[in-house]
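*Asks:* Heads up: the sequence lines are chains A and B, in that order.
Counting in the numbering used here, the first sequence runs from 1 upward without gaps.
Counting in the numbering used here, the second sequence runs from 1 upward without gaps.
These aren't lab readings, by the way, just hints derived from the structure by calculation.
Listed next, with one range per pair, are the computed distances between beta-carbon atoms: (1) I45(B) x F39(A): 19 to 25 Å; (2) S38(A) x L40(B): 25 to 31 Å; (3) A102(B) x F39(A): 17 to 23 Å.
Virtual Cβ for every residue (Gly too), placed ideally from N, Cα, C.
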Amino acid sequence: MRIFATISQTAFSVSPRLLMALAATAFMMVIIFYGVDSFAQGAHNAFHDFRHVVGMPCH
Amino acid sequence: MDHGNLKKGICLGILSGIVWGWVSILVNYITGIFPFEESLLREVITFSFGGAVFGMVIGGFMSLIGDRLPFKSLLPNAIFISMAVWLVLRMGGLLLSYNNPARFHPDAAQTLQGFMLAIVLGLILTTFWNIGKKRDS
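Construct the entire structure; sequences and hints are all you get.
*Replies:* Here you go:
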């Protein structure tokens, strides 16, 4: 939390909570776009068609 | 340009992303590049969620770094950020394809469609951003 507070105050002047939420969402985006089942079970199957349509490589 | 409000950027990004998800379904339905394997209801749910996540990241970046980009207006900034995030993700996909080509085989038509859709997200985000700005003033 402290590192987010430091980054958000020095670089962007925004709420560290919002910045942390954005970082968590970016992580979720990676899981969805690559279908990383090891992090979220079922992510691959749930977003299989989405991944193909947005041009990410898949089986 | 009003790029400073992260909360606004995130909210507009989520909204734009959901609409972008629906547009993606429509575009793919028209082009037929990838034949859908699930029901329309499930596609709408997953594309809305996936789009919202992608849009939230783009909207957030737009708020954080939009005013540090060399472009003077909203549209090129939004398109640049959307394309840049998509390209970074696609580069990661390229690495996955390189390491395991049988598992992650690339498709040129889908890649081109994804790239065009990234530009479309920039357009949708700009539209919502301008509507939000008009409502604020």
